[in-house]
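S.K.: Sequence:
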Amino acid sequence: MSDLDDFLTPTLARQMEAERALIDGDASLRVELTARQDPVTVFGAKVPVRQGWKEISEVLTWLAGRWSDSTDYRFEVVAADVSGDLAYIVGFEHIANSVVGVPVEPYTLRVTHIFRREEGEWRITHRHADYVPIDQTLPGESQHK
Numbered sequence: 173m174s175d176l177d178d179f180l181t182p183t184l185a186r187q188m189e190a191e192r193a194l195i196d197g198d199a200s201l202r203v204e205l206t207a208r209q210d211p212v213t214v215f216g217a218k219v220p221v222r223q224g225w226k227e228i229s230e231v232l233t234w235l236a237g238r239w240s241d242s243t244d245y246r247f248e249v250v251a252a253d254v255s256g257d258l259a260y261i262v263g264f265e266h267i268a269n270s271v272v273g274v275p276v277e278p279y280t281l282r283v284t285h286i287f288r289r290e291e292g293e294w295r296i297t298h299r300h301a302d303y304v305p306i307d308q309t310l311p312g313e314s315q316h317k
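Remember, the working numbering sits 172 above the position in the sequence shown when you count from 1.
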């Protein structure tokens with residue numbers, strides 16, 4: 173196996189399990205996956221910038237309390253790489269869950285996770301997520317190719 177395979181196969185499985193639990197109301201696995209050593213940051217789709225393990229674990233617990241009734245979670249990998257004790261995964265999260273009791277609705281987030289190896293385990297040291305814009309056309313790019 174390559175370094176990328178050694179990182180991606182187990183880490184992506186662990187990340188997906190943690191995210192599935194989170195969007196269904198349980199933050200514990202995602203908190204466990206979060207890096208303990210600073211810097212640790214989140215630029216969320218629903219929350220402003222947060223820093224530090226304690227603050228991020230509190231935000232994850234708050235988010236989990238707002239989410240329930242998950243019917244779908246898939247992570248579509250766009251790119252990933254590893255170099256020493258740092259790695260990243262970029263992709264799309266396809267989610268369907270209830271947010272604050274509203275009926276289940278599907279949505280997609282663009283996501284970047286940066287990982288750092290701490291005490292032999294890959295942990296998320298940064299997460300950026302935002303909603304996919306409706307119009308993905310770049311300025312000057314033709315919509316009809």
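For the record, the hints were derived by calculation from the structure and aren't laboratory data. The structure displayed is predicted, hence computed values, not measured ones. Note that CB positions come from ideal geometry on N, CA and C, so glycine has one too. Do not rely on the hints blindly, as some may be mistaken.
[As the list claims (entries may be wrong)] Pairwise CB distance ranges (calculated):
(1) V274 with M173: 38 to 44 Å
(2) E277 with D175: 18 to 24 Å
(3) D241 with P311: 20 to 26 Å
(4) G224 with S174: 46 to 52 Å
[Unchecked claim] Derived SDA-like pairs: lysine to any residue, alpha-carbon spacing no greater than 20 Å straight-line:
(5) K226 with R246
(6) K226 with S200
(7) K218 with A185
(8) K226 with T213
(9) K218 with G237
(10) K226 with D244
(11) K218 with D196
(12) K218 with G312
(13) K218 with Y279
(14) K218 with L281
(15) K218 with E265
(16) K218 with E293
S.K.: Each of the hints needs a verdict: does it hold here or not?
M.R.: Against the structure, the hints:
1. V274 with M173: 38 to 44 Å: Given a distance of about 43 Å, which is inside 38 to 44 Å, the answer is holds.
2. E277 with D175: 18 to 24 Å: With Cβ atoms ~38 Å apart, the hint is violated.
3. D241 with P311: 20 to 26 Å: violated (40 Å)
4. G224 with S174: 46 to 52 Å: The hint (46 to 52 Å, Cβ to Cβ) is violated, given that G224 and S174 are roughly 33 Å apart.
5. K226 with R246: violated (27 Å)
6. K226 with S200: holds (13 Å)
7. K218 with A185: With a Cα-Cα distance of about 24 Å, the restraint between K218 and A185 is violated, given a limit of 20 Å.
8. K226 with T213: holds (11 Å)
9. K218 with G237: Roughly 14 Å separates the two Cα atoms, so the pair holds.
10. K226 with D244: It is violated: about 28 Å lies between the C-alpha atoms, which goes past 20 Å.
11. K218 with D196: holds (16 Å)
12. K218 with G312: violated (30 Å)
13. K218 with Y279: holds (13 Å)
14. K218 with L281: holds (11 Å)
15. K218 with E265: OK: K218 and E265 at ~14 Å, within 20 Å.
16. K218 with E293: violated (28 Å)
Figure legend: structure checked against the earlier numbered hints; hints not met, in rising order: 2, 3, 4, 5, 7, 10, 12 and 16.
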